[in-house]
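2 protein chains.
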Amino acid sequence: MNPQTQIKRKMELPRVPGSQKTYKAGQLFADIRVPFRRIKLSQAACPSASTKEKYLDLYDTTGAYTDPTWIQSGAETIPATRQKWIADRNDTVSQIASKIKTALQAKTGRNVSQMHYARRGIITPEMEYVAVRENADPDFVRQEIASGRAIIPANINHPECEPMIIGRQFLVKINSNIGNSAMTSSIEEEIEKMLWSIRWGADTVMDLSTGSNIHAIREQIIRHSPVPIGSVPLYQALEKVNGEVHKLSWDVFKETIIGQARQGVDYFTIHAGLRRDYIPLTIKRTTGIVSRGGSIMAKWCQIHNKENFLYTHFEDICHIVKTYDVAFSLGDGLRPGCIADANDQAQFSELKTLGELARTAWKHDIQVMIEGPGHVPLNLIQENMQKQIELCHESPFYTLGPLPTDITPGYDHITSAIGAAMIGWLGTAMLCYVTPKEHLGLPDKEDVREGIISHKIAAHIADVAKSHPLALKWDNEMAQARFDFRWQDQFNLCLNPEKAQRFRAAAIEGQNMDTDTNYCSMCGPKFCSMKISRNLTADK
Amino acid sequence: MNPQTQIKRKMELPRVPGSQKTYKAGQLFADIRVPFRRIKLSQAACPSASTKEKYLDLYDTTGAYTDPTWIQSGAETIPATRQKWIADRNDTVSQIASKIKTALQAKTGRNVSQMHYARRGIITPEMEYVAVRENADPDFVRQEIASGRAIIPANINHPECEPMIIGRQFLVKINSNIGNSAMTSSIEEEIEKMLWSIRWGADTVMDLSTGSNIHAIREQIIRHSPVPIGSVPLYQALEKVNGEVHKLSWDVFKETIIGQARQGVDYFTIHAGLRRDYIPLTIKRTTGIVSRGGSIMAKWCQIHNKENFLYTHFEDICHIVKTYDVAFSLGDGLRPGCIADANDQAQFSELKTLGELARTAWKHDIQVMIEGPGHVPLNLIQENMQKQIELCHESPFYTLGPLPTDITPGYDHITSAIGAAMIGWLGTAMLCYVTPKEHLGLPDKEDVREGIISHKIAAHIADVAKSHPLALKWDNEMAQARFDFRWQDQFNLCLNPEKAQRFRAAAIEGQNMDTDTNYCSMCGPKFCSMKISRNLTADK
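Residue numbers (our numbering), protein chains in the order written: chain A, -11 to 528; chain B, -11 to 528.
Honestly, the hints are just simulated from the structure, not real lab data. Keep in mind that a hint or two might mislead.
A pair holds if it fits inside one copy or across any two, identical chains being indistinguishable in the list.
Stated by the list, open to error - Computed cross-link-like contacts, DSS-like style, restricted to lysine-lysine with a CA-CA straight-line distance of at most 27 Å: (1) 272 <-> 28; (2) 487 <-> 433; (3) 87 <-> 487; (4) 228 <-> 12; (5) 454 <-> 375; (6) 461 <-> 272; (7) 89 <-> 28; (8) 454 <-> 272; (9) 42 <-> 272; (10) 433 <-> 42; (11) 28 <-> 87; (12) 294 <-> 42; (13) 235 <-> 95; (14) 235 <-> 487; (15) 28 <-> 461.
So that you can see chain A by itself, here it is in the shape it has in the complex:
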């Protein structure tokens, strides 16, 4: 089976109705083509309508899979958008990565991170690309990268990646987790989940596979992904020692991160902040340590009676990742696993260490974000954000939820979206999704979509609360379409147009589905408040 063929076929099916791919050019670099999803809007049904624009361009994460030109081209791989940019910088060399492929690496003594360029005053094509994508000034992007307040995760071995930026001055992003466990899933399923994720708007995807065959799964995911791919190298390192924690070592870990960096992983979760001294702080917790990586490293520390080797070897890790531009996502191994454990000494001790590690990484011009909780009640969320900004020197925050209650298995995507919207508004740069299966099992395709959409909602609500002009414009187009009874435009402006249209069709079953029916089906034709209000306005 040819996976590319299979994927193209699948991706043609779920294109978002009522919109089409469009590209915008940059000004500094000739070959920059930034994708958008363009929604065509009809002229207002009512002559008094204030809609002047006839389309709305939205941020697009779907890559070539929704580009008709690419679909028709018969190409077997997605475009390597960044290949020429990387080559033009002339600071990399090709090395043999395995029996069948080569990988890029920085020339000896060079540093290929976006932060490194930014600090030297260089605006890269990647920076202009995200500037066009976010309607920002390219030099502002550069400054944010240089200061550490934002990152562009973009491994030089992932040229297929369409650059995106994570930072609180930009649109709030969301991450989707995929990956098999020891128990389930195959390569095809995981690629399908990745594609399904970007189809619904995931900005990055983490491969959390822990079972067998994970190297091959990851390779296929990266080659097919137009969004950055993150991983937790510790899981593969543990596979290499047959799951026996005491056999983990710096050497095994080092070999693992080199292998993954050469594949093109864009960011690594590294649980280097869980210091040995913090472990006793978790003993009185209700749910102890709930991070997989955290519990593994805690166990290792206790068995060997030694400091966490990810902490002691942190600068060694820095020397490796900067030659590929892998960004750090510093893991919160001691995040609270329930409301009762939120904001405790264990959590904040680790956070402080993560802030120190961020400074160490920045010495090497390595891009860093910080992972955050977890389970936190609404009244304690703000303290998390404040402490992260203070202790981690404004590096981007990347949170899992947080979930503001423990009692909602089966609906944790909603619970997480509630905490995520709030912390996103307060300054978190990226939200890790949670699916309805959280705490119960691994998500299937349907769960992935529900998880993504609920967190797209949270991210957008955060953008609106931060008065981001692109977000406000979207809401405004919807509001105007609603007041004008432009039903088709309302559907097209939805996160899931087909679902909205199906719901409306069910509501007015048996009638003609007229696109400009001048009432809504909640009130019926006689009492429609919008209709009455329109007429009030028209009377004036």
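Position chain B against the provided structure of chain A, taking the given hints into account.
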């Protein structure tokens, strides 16, 4: 067809698994039996577990429909819990309400509102009932009612109602809207929606029917409902004049509220705060007036060039409702219908008037809550709550959402839950649910459940954020069950145990569904963080 028989059969089916009905007695009154849903918890699988209690009692809104004694009794109606209490007060008389029935009314010169008793220092059985329900002191309940900070909606003609309290010192409540429109639905369907609502935890139900046959529908809903029923009398008044707004008058409205008060409606939405002078403030809005009642009254004011008759006759309304103890839910006819219109002059002008009307109602010892928006971005929610407390003198706030974005038709239950959790935490006493069909059509049964559960989540998250002991206890039991791998207890503690169990079963398909399998299916047996963490703790 006998509707009772039908309902009993239906309500036996969806009893919450893993729990059973239990009752707690009061101390002041002999016949108080307050229902709870008792979840039996197994002994901890692990000897180090800290669980001492073997059950958790949860607030229960399902009435007799989940009481095996009542189900087996063959009774055709649900118990009239309050009948004797009302009779014992000896301040009512029975009057002919229609050809087939009588209704209670206060004796001449008497006031039968809970606020009236509270202000005279009387603790009623209703007050003790809610005190037991909320684990509060009965005299504290009385004080909250007397001050206007809380209400017990309980019409003397709705003896089937199990008393509940709405106020920010108590558990946050949720309301479910049902009701047919001109286009759809029947009596059976509406009763089924009401029962389905309380099955999933609705604390009150509003009947928003606007079509034909609404008087008969309401009668059946009230007679079958153990929770307070709210209505918007204006809709029926408009039906009486064939939907012709200009024919609306105080006389038609008066007749309507008397009719509904005699049926037993527990609270009325009255759009008396929309004063004529505020209408021009809505002209420049993006979506004008989106409240049905608001747009109807605005139209009436414009046609007649007169002040809103609900405002001018407000004291007349007070004289009527206090003889039945119908509570006011003062409607926000000028609530914003989109983000762009939030917190504008029209909205806050009306809110100020609602506060003045609350004072007028309190002169008559009438219980009052204030309705709130609507569509509000997260960053403007706090101002809504602050202004409501200030302008409306701490009367309970009852909000619709708010929705912090406009772009999510098909998922507005999630969007609304996000705004609702936040405003609930800040002090809103009751959250009106929004279903996935909002802005698209009327909800079906599945939508009602999703709307209720998402807002139960929001209300609970608010309770947790306010550190309500009953809420924290629930979370704590879940967290401990999770850490102990007590899977069956986890399911039983969920809002929807069957869904959680189904998800888990799918996740571990092909294996034995062991209730104390010592790992979770996200990580698999080898990497389970909880398992590793447990062992860490045990090693100490």
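Structure-based check of all given hints:
1. Proximity of residue 272 and residue 28 under a CA criterion of 27 Å is satisfied inter-copy only: 25 Å between copies versus 57 Å inside one chain copy.
2. Taking the shortest alpha-carbon separations for residue 487 and residue 433, both the intra-copy value of 16 Å and the inter-copy value of 17 Å come in at or below 27 Å.
3. For the identical chains of this complex, residue 87 and residue 487 are neighbours neither inside a copy (47 Å) nor across copies (48 Å), given an alpha-carbon limit of 27 Å.
4. Taking the shortest alpha-carbon separations for residue 228 and residue 12, neither the intra-copy value of 45 Å nor the inter-copy value of 58 Å comes in at or below 27 Å.
5. Taking the shortest Cα distances, residue 454 and residue 375 sit within 27 Å of each other both inside one copy (20 Å) and across copies (21 Å).
6. Proximity of residue 461 to residue 272 under the C-alpha cut-off of 27 Å is restricted to the inter-copy arrangement: shortest distance 17 Å between copies versus 49 Å within a copy.
7. When the C-alpha separation of residue 89 and residue 28 is checked against a cutoff of 27 Å, the pair qualifies neither within a copy, at 44 Å, nor between copies, at 59 Å.
8. In the homo-oligomer, the alpha carbons of residue 454 and residue 272 lie at most 27 Å apart only across protomers (24 Å), although the nearest pairing inside one protomer, at 38 Å, exceeds that limit.
9. Proximity of residue 42 and residue 272 under a CA criterion of 27 Å is satisfied inter-copy only: 22 Å between copies versus 59 Å inside one chain copy.
10. With identical chains, the CA atoms of residue 433 and residue 42 are never at most 27 Å apart, being 34 Å at best within one copy and 38 Å at best between copies.
11. For a Cα distance limit of 27 Å, the shortest separation of residue 28 from residue 87 qualifies neither inside one copy, at 49 Å, nor across copies, at 59 Å.
12. With identical chains, the CA atoms of residue 294 and residue 42 are never at most 27 Å apart, being 64 Å at best within one copy and 41 Å at best between copies.
13. Proximity of residue 235 and residue 95 under a CA criterion of 27 Å is satisfied in neither setting, with 33 Å inside one chain copy and 85 Å between copies.
14. Proximity of residue 235 to residue 487 under the C-alpha cut-off of 27 Å is found in neither arrangement, the shortest distances being 50 Å within a copy and 40 Å between copies.
15. For a Cα distance limit of 27 Å, the shortest separation of residue 28 from residue 461 inside one copy, 14 Å, qualifies, whereas the shortest one across copies, 51 Å, does not.
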